[in-house]
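**Q** Residue-level listing of the chains:
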Amino acid sequence: MLDFKVVFHVSEKNRWPVAITNVKNFLADTEGKKVAVTIVANAEAVTAQDIFPQLEELAHKGVEIAFCNNALRAFAVPKETLPSFIKIVPAGITALVQKQKEGYAYIKP
Amino acid sequence: MLDFKVVFHVSEKNRWPVAITNVKNFLADTEGKKVAVTIVANAEAVTAQDIFPQLEELAHKGVEIAFCNNALRAFAVPKETLPSFIKIVPAGITALVQKQKEGYAYIKP
Amino acid sequence: MLDFKVVFHVSEKNRWPVAITNVKNFLADTEGKKVAVTIVANAEAVTAQDIFPQLEELAHKGVEIAFCNNALRAFAVPKETLPSFIKIVPAGITALVQKQKEGYAYIKP
Numbered sequence: 001m002l003d004f005k006v007v008f009h010v011s012e013k014n015r016w017p018v019a020i021t022n023v024k025n026f027l028a029d030t031e032g033k034k035v036a037v038t039i040v041a042n043a044e045a046v047t048a049q050d051i052f053p054q055l056e057e058l059a060h061k062g063v064e065i066a067f068c069n070n071a072l073r074a075f076a077v078p079k080e081t082l083p084s085f086i087k088i089v090p091a092g093i094t095a096l097v098q099k100q101k102e103g104y105a106y107i108k109p
Numbered sequence: 001m002l003d004f005k006v007v008f009h010v011s012e013k014n015r016w017p018v019a020i021t022n023v024k025n026f027l028a029d030t031e032g033k034k035v036a037v038t039i040v041a042n043a044e045a046v047t048a049q050d051i052f053p054q055l056e057e058l059a060h061k062g063v064e065i066a067f068c069n070n071a072l073r074a075f076a077v078p079k080e081t082l083p084s085f086i087k088i089v090p091a092g093i094t095a096l097v098q099k100q101k102e103g104y105a106y107i108k109p
Numbered sequence: 001m002l003d004f005k006v007v008f009h010v011s012e013k014n015r016w017p018v019a020i021t022n023v024k025n026f027l028a029d030t031e032g033k034k035v036a037v038t039i040v041a042n043a044e045a046v047t048a049q050d051i052f053p054q055l056e057e058l059a060h061k062g063v064e065i066a067f068c069n070n071a072l073r074a075f076a077v078p079k080e081t082l083p084s085f086i087k088i089v090p091a092g093i094t095a096l097v098q099k100q101k102e103g104y105a106y107i108k109p
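Residue numbers (the working numbering), protein chains in the order written: chain A, 1 to 109; chain B, 1 to 109; chain C, 1 to 109.
Hints are not guaranteed to be accurate.
Copies of the same chain look alike in the list, so a pair counts if it fits in one copy or across any two.
Derived DSS-like pairs: lysine-lysine, alpha-carbon spacing no greater than 25 angstroms straight-line [what the hints assert, rightly or not]:
no., residue 1, residue 2
1, K13, K24
2, K5, K101
3, K33, K101
4, K79, K101
5, K61, K34
6, K101, K34
For the record, the hints were derived by calculation from the structure and aren't laboratory data.
Please model the entire structure based on the sequences and the hints provided.
**A** See below:
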């Protein structure tokens with residue numbers, strides 16, 4: 001039984017720094033608890049590449065990171081440019097809805 | 001029994017294009033499934049008129065579209081200027097809270 | 001048994017006016033009903049001071065107001081500068097997740 005389940009939604013490039021800080025603070029604050037954390041990026045947020053090192057760090061801590069394939073296509077981001085720790089989902093919105101259906105809290109940083 | 005229920009919250013004019021794309025992608029991704037989709041617009045988002053044709057298209061696909069009456073008053077938008085497929089709700093926030101109480105996922109595009 | 005429970009998330013300074021209007025409209029629209037309303041501020045939103053008088057008014061109406069301590073530290077806001085009606089929570093995100101776990105609707109103004 002998980003103590004906390006939360007999905008973070010990032011849809012704007014300039015919100016990545018706040019989102020990453022949010023996730024880090026949440027992980028630090030809930031240390032020792034059982035948590036499930038997912039980040040879903042869609043729209044122009046999938047074009048950010050400078051944040052990959054920070055995302056990799058979060059992935060190593062167990063954070064699930066999903067990029068929206070509709071957005072990748074719309075912004076012409078080739079899938080091959082994404083590191084393997086980023087999961088590609090057909091539609092980011094469906095992933096966000098599904099997670100909430102599973103009891104995840106929703107946060108828009 | 002619905003497969004997915006989701007309410008989209010639009011409060012800024014410049015987020016309408018992303019919101020409309022989100023809804024379209026969600027409908028395409030969940031084709032064949034039973035979904036309930038509502039868009040609630042409040043604050044300055046109720047002043048957008050250029051997106052009416054696209055909203056009409058979504059309304060024809062079964063999307064419920066609600067504009068906040070507090071916002072219409074605050075931004076001096078006469079109700080008569082809204083097409084009939086847009087439902088007016090007394091307070092957009094209450095509509096958003098009510099939907100979530102009914103199990104709708106919340107998305108802020 | 002509460003009729004409505006809602007948590008508002010404010011993470012940007014310039015969204016405070018909309019957030020405050022949202023809360024006021026919600027309280028007016030649900031007058032006579034049993035509601036629980038919380039505002040959680042994090043990130044740069046904790047640096048706003050000009051909105052304290054309006055927040056005090058909301059606090060008097062029973063709205064719980066919480067500022068994120070991580071954000072206060074990050075933006076070098078001394079705790080002593082906060083009025084007593086503002087509650088300081090260790091991590092705003094955890095508070096937002098906890099509230100949703102308790103059945104609160106989430107609104108990002």
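**Q** Next, verify each hint and record whether it holds.
**A** How the hints compare with the structure:
{"no.": "1", "hint": "K13 - K24", "verdict": "both (18 angstroms within a copy, 21 angstroms between copies)"}
{"no.": "2", "hint": "K5 - K101", "verdict": "both (11 angstroms within a copy, 9 angstroms between copies)"}
{"no.": "3", "hint": "K33 - K101", "verdict": "both (22 angstroms within a copy, 15 angstroms between copies)"}
{"no.": "4", "hint": "K79 - K101", "verdict": "neither (28 angstroms within a copy, 35 angstroms between copies)"}
{"no.": "5", "hint": "K61 - K34", "verdict": "within (12 angstroms within a copy, 36 angstroms between copies)"}
{"no.": "6", "hint": "K101 - K34", "verdict": "both (19 angstroms within a copy, 14 angstroms between copies)"}
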